[in-house]
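Dock chain B against chain A, hints included.
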Amino acid sequence: MTVKEIPALIEGTVVVKGDDQREVTGVYCCDMLSQVMGRAPADCAWVTIMGGVNAVAVSALADTACIIVAEGLDVDADAVVKAREQDIPVLRTPLPIFEAAKRIDKALS
Amino acid sequence: MKRLYYDLHIHSCLSPCGDMDMTPCNIVGMARLNGLDVIAVCDHNTAENCPAVQAAAEGTHLLFIPGCEVCTEEEIHVVCLFPDVDAALRFSRMLHEKLPPICNDERAFGRQSIFDSQDQEIGTEPLLLLTGAALSVDELPAVVAQYGGFCFPAHVDRDSFSILVSLGVIPDSCGFTMAELRDKSRLPQLLTTNPELGDKVIVQNSDAHYLQDIAEPEQFFEVPDDLTTAGQFIAFLKGLRV
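Residue numbers (the working numbering), protein chains in the order written: chain A, 1 to 109; chain B, 1 to 242.
The shape of chain A in the complex, shown without the other chains (with noise of 0.2 Å):
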């Protein structure tokens, strides 16, 4: 599955498109950082409510194929040039984390 086909799972919206042709293999949830940066498996897709610029620059160094921001909140102005700039997809549901991961796992499955 890639990156392209996430938002019709999770009534999502492309914020930043990316290289949305990634394919994608797992799903993590985590919103702390530091744990992000250590233990989210590269290639995978990343749902969380943090939308700032530390989280695409830590999708960097985590290697992840998208960022997904739940519950509907905002991505900083920031974060999306940020995300342009390193070809980063970030994507937004109005779902809760784990809803949104459900979903995109029994994709996977």
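Hints listed in this document are in silico derivations from the structure and should not be mistaken for laboratory results. Note that the structure is predicted; figures quoted are calculated from it, not measured. Ideal Cβ placement from N, Cα and C applies to all residues, glycine included. Any given hint could turn out to be false.
[As the list claims (entries may be wrong)] Taking CB as the label site, the calculated pair distances span: (1) A/Glu99 with B/Pro224: 55 to 65 Å; (2) A/Asp74 with B/Ser136: 26 to 36 Å; (3) A/Glu85 with B/Gln146: 21 to 31 Å; (4) A/Glu23 with B/Gln118: 48 to 58 Å; (5) B/Lys184 with A/Val81: 24 to 34 Å; (6) A/Glu99 with B/Glu222: 27 to 37 Å; (7) A/Gly26 with B/Gln189: 54 to 64 Å; (8) A/Val81 with B/Asp225: 45 to 55 Å; (9) A/Asp87 with B/Pro100: 20 to 30 Å; (10) B/Glu121 with A/Glu23: 38 to 48 Å; (11) B/Gln232 with A/Pro96: 48 to 58 Å; (12) B/Met94 with A/Val81: 29 to 39 Å; (13) B/Asp226 with A/Glu85: 46 to 56 Å; (14) B/Pro188 with A/Asp74: 17 to 27 Å.
[Said to hold, decoys possible] Some chain B residues near chain A, calculated using beta-carbon distances under 7 Å: (15) Glu75; (16) Asp105; (17) Ala108; (18) Phe109; (19) Gly132; (20) Ser160; (21) Leu197.
Structure of chain B alone, referenced to chain A:
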């Protein structure tokens, strides 16, 4: 009594998100240009640029307070201020041992530059300073006190890395007597959800990562005329009550 116009939360170029113009001499110069009387440099999880800022402030009327913005294990930011550079550095080196072994990636986060008092880069910090240290927000105040320091939760009105976002409240058990807001005008609104802010001394600092964001002389403390040292200033902060 005299007024000390303050900015107690300024980042240097050692913080990866700190602009490379935030050198020790530039910070001191800008603070003096702005007309501030007392500043603190508080980089993320480190105080290693404090000696250089101290030296740059030497001989000027600017009172420099060495500090560190700790990121706790809950990813809460806490401003920690110390009575002298030696105490700040000992605290910083203790804290360094509690950081996760994640190396900085300059392309993702920025450069973490250690400078001397002549604004020459003398090294870089290899560990990423933006992680959470293995210290909880409950433990931190007592640890800071062991080094003679004083601490308060940073930017509680911010939507990330704020104690109010992480915990929903400022717990009494932490013993904080002060809290920092990015914007004091938000206090009335915050008091409706967090009445515990009512018994904290509220300060507003810039959290400047760029020179132009260092505070103008708007926020001040009324202090005794004979308050001239960082140690006296820390004692003053410790005694402040609403």
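Legend entry - C-beta pair B/Lys184, A/Val81: status relative to the range 24 to 34 Å that was hinted: 29 Å, holds
Legend entry - Restraint satisfaction for B/Phe109 [CB to CB of chain A, less than 7 Å]: 5 Å, holds
Legend entry - Interface hint status, B/Ser160 versus chain A (Cβ within 7 Å): 5 Å, holds
Inset, instruction - Using the Cβ atoms, figure out if A/Glu99 sits within 27 to 37 Å of B/Glu222. - result: Because 53 Å falls outside the window, the suggested range is violated.
Legend entry - Verdict for A/Glu23, B/Gln118 (Cβ pair) under range 48 to 58 Å: 51 Å, holds
Inset, instruction - Note whether the CB distance of A/Val81 and B/Asp225 lies within 45 to 55 Å or breaks it. - result: Holds - the Cβ-Cβ distance for A/Val81 and B/Asp225, about 48 Å, lies within 45 to 55 Å.
Legend entry - Agreement of hint B/Ala108 with chain A interface, Cβ distance less than 7 Å: 4 Å, holds
Legend entry - chain A contact restraint on B/Gly132 - CB to CB distance below 7 Å: It holds, given that the least Cβ distance between B/Gly132 and chain A is near 4 Å, below 7 Å.
Inset, instruction - Could you say whether the range 54 to 64 Å given as a hint is met by the Cβ separation of A/Gly26 and B/Gln189? - result: Violated, since A/Gly26 and B/Gln189 (Cβ atoms, about 40 Å apart) do not stay within the stated range.
Inset, instruction - Could you check the hint for me, namely that B/Pro188 and A/Asp74 are 17 to 27 Å apart, CB to CB? - result: For B/Pro188 and A/Asp74 the Cβ distance comes to about 23 Å; the hint holds.
Inset, instruction - May I ask you to test the hint 29 to 39 Å on the CB atoms belonging to B/Met94 and A/Val81? - result: Given a distance of about 36 Å, which is inside 29 to 39 Å, the answer is holds.
Inset, instruction - Indicate whether the distance between the beta carbons of A/Glu99 and B/Pro224 respects the range 55 to 65 Å. - result: 58 Å, holds
Hint violations for this structure: numbers 3, 6, 7 and 21, all remaining hints satisfied.
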